[in-house]
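Student: The residues making up each chain are set out below.
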Amino acid sequence: MFDDLRDLYQEVILDHGRRPRNFRRLEDADRAARGDNPLCGDRLELWLKLAPDGRIADAAFLGRGCAISMASASLLTETVKGKTPEQAKALGEKVRTLAMTGACPECDGALAEDMERLAPLSGVHEFPSRVKCATLAWHTLKAALEGSKEATSE
Amino acid sequence: MSVALQPAPALDVARVRRDFPILARTVRGKPLVFLDSAASAQKPRAVIEAMVRCMETAYANVHRGAYHLSEVATESYEAARAAAARFLNAADPREIVFTRNSTEAINLVAHSWGRGVMRPGQAVLVSEMEHHANLVPWQMLRDDGRGIELRVCRVTDEGELDLEDLAAKLADGKVGLVAVTHMSNVLGTVTPAERIVALAHAHGAKVLLDGSQAAVHRRVDVRAIGCDFYCFTGHKLYGPTGIGVLWARLEHLERMPPFLGGGDMIAGVTLERSEWAPPPAKFEAGTPPIIEAVGLHAALDYVAAIGLPAIEAHERALVDHAMRRLSGVEGLTLLGRARDRGGVFSFVLDNAHPHDLSTLLDRAGIAVRAGRHCAEPLHARFGLEGGTCRASFGLYTTREEIDLLADALVRAREFFA
Ligand SMILES: Cc1ncc(COP(=O)(O)O)c(C=O)c1O
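Which chain is which? The protein sequence lines are R and H, in order.
If you use our numbering, the first sequence corresponds to residues 1 to 154, in order.
If you use our numbering, the second sequence corresponds to residues 1 to 417, in order.
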């Protein structure tokens, strides 16, 4: 009945949705922000720890939401570690494109490996009402890195 | 089969469905299973055609021109008012104020009664199961610096209004207005309107009932209920968007200051001051929803032709069937177990978030709503901040559609296993 939904709910999404990685509070975080999707009640809090050279040393989150938003946040915490804030924000932009269009034309080269890992998020592009589920965590990341406390996925 | 003492004329659902053009369409290659009528109902051809006919043959602004078309349009608009009065068994069509929707009707009362008639030290009493439309306007009134308090009546674990709590919160006689829903848009609970009115009036409080859901499913008789204000919204009652109804006792409307100012609501204007027109015109500033009123009239006629007893019986059978089928779905929790309930079911599945679930159901052609249905405090009350899925029925809903939903829920649970 739902076979054609396997593109949206790939095993990676279901797995990260069920058992999100880095699902904890970072007590000594250097950056933090809250992400809210008031329309559907999805909500998460993201914490970042920065290394002396400014790179993201650790990332963690807590929150509630659908499988897609939880999986997206979980994948985010795994992929941004070791990145500079600029690299992480650039990656976030690519994820937005991926979620909205299902493709990422300029995602080769340095980004290729990360984008391959995030590719399961591309399934939402066929579901306009679900795109914001995939992008909420990345909006929150941007807010945290730019020093604002709140992000919404509107 | 139990035999009813006075069997209602049966509703022929197959025939009813043919009256709704949209039900013939498919979604993602599957027949549409529309289970979101509580958010907004579909429209029968009679409504669509009445509105088109009005625009093609009988349209002009109302109450303004002494020419034929304007007179015809005014007649149609006032005929819609009379139809709404009959629908609620109001004593007088002048007790019917057309608004944009229920939300505006409640805001009108919050403004004109709350700010114009209520006194400092008085309270408004709402319940935990209100739609935001019947909560936020009262919070705004409370925060307006007029010394009006806002009290909230509890909802029981069964999802019913806690009448003991209601009585306790009325006891000190400070409550000037009880504003509660006549049927919850989340729990399906139908509240005991007559008892609420008796309790409230015994303590000197007026009563507003939000009938946005109830009026769709039950015969409403405002005089039998004895309330002071009643509202409903056209688009949930198979009518168009953009029109709602506020009914209030004429004596109340006469005491209340206007809500919006402008054309049509005045008896006379000079540069210095204005005299208000008598109700209902006093509350209908500006060009009203004329075409929408014609559509609403057609919807009320449509519902009356099928008959509310038949609609009620059809819905009761659907509710029983849904109760049986949904309680058979493993891992499914239904929100609310009220004894008196209508065709609205909110639920959560143990291994699927409501949004994921509604995406899955959409793939099966089944339209349900996911979220908190404009009732965040109620979801918080039941510890469901993440929301619920809601299936809601209309007079065109079939048993087979409920079966499709139940089957799809079982498959969805397997999908997320
Ligand atoms: C119980 C209840 N009250 C009020 C409303 C508000 O109706 P409207 O949005 O048409 O003003 C709704 C529906 O949305 C409702 O279900």
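It should be emphasised that the hints constitute simulated quantities derived from the structure, not laboratory data.
Just so it is clear, CB atoms sit at the ideal spot from N, CA and C, and this is done for glycine as well.
Mixed in with the good hints, there may be bad ones.
[What the hints assert, rightly or not] A few chain R residues facing chain H, derived, Cβ under 8 Å:
(1) Phe-23
(2) Cys-40
(3) Gly-41
(4) Leu-62
(5) Pro-85
(6) Glu-86
(7) Cys-104
(8) Cys-107
(9) Arg-130
(10) Gly-147
[To be verified] Listed next, the stretches of chain R that the computed footprint assigns to chain H, with coverage defined by at least 3 CB atoms under 8 Å from CB atoms of chain H:
(11) 5 to 12
(12) 110 to 121
Student: Each hint should be assessed against the structure and marked as holding or not.
Tutor: Here's how the hints hold up against the structure:
The interface hint given for R/Phe-23 is broken, as the beta carbon of that residue sits about 15 Å from the closest beta carbon of chain H, more than 8 Å. About 5 Å separates the beta-carbon of R/Cys-40 from the nearest beta-carbon of chain H, less than 8 Å, and the hint is met. The beta carbon of R/Gly-41 comes within 5 Å of a beta carbon in chain H, closer than 8 Å, and the hint placing it at the interface holds. A hinted interface residue such as R/Leu-62 counts as satisfied when its beta carbon comes closer than 8 Å to some beta carbon of chain H; here the least separation is about 14 Å, so the hint is violated.
A hinted interface residue such as R/Pro-85 counts as satisfied when its beta carbon comes closer than 8 Å to some beta carbon of chain H; here the least separation is about 30 Å, so the hint is violated. At its closest, the beta carbon of R/Glu-86 sits 32 Å from a beta carbon of chain H; the interface hint therefore is violated under the 8 Å criterion. Among the interface hints, the one on R/Cys-104 is violated; its C-beta lies about 23 Å from the nearest C-beta in chain H, farther than the 8 Å criterion. Taking 8 Å as the C-beta contact cut-off toward chain H, the hint placing R/Cys-107 at the interface is violated, the least distance being around 25 Å.
At its closest, the beta carbon of R/Arg-130 sits 6 Å from a beta carbon of chain H; the interface hint therefore holds under the 8 Å criterion. For the restraint placing R/Gly-147 at the interface with chain H, the shortest Cβ-Cβ distance is roughly 27 Å, beyond the 8 Å limit, so the hint is violated. Counting residues of the stretch 5 to 12 of chain R whose CB lies closer than 8 Å to any CB of chain H gives 3, so the stated coverage by that chain holds, three being the minimum. Counting residues of the stretch 110 to 121 of chain R whose beta carbon lies closer than 8 Å to any beta carbon of chain H gives 0, which falls below the threshold of three, so the coverage claim is violated.
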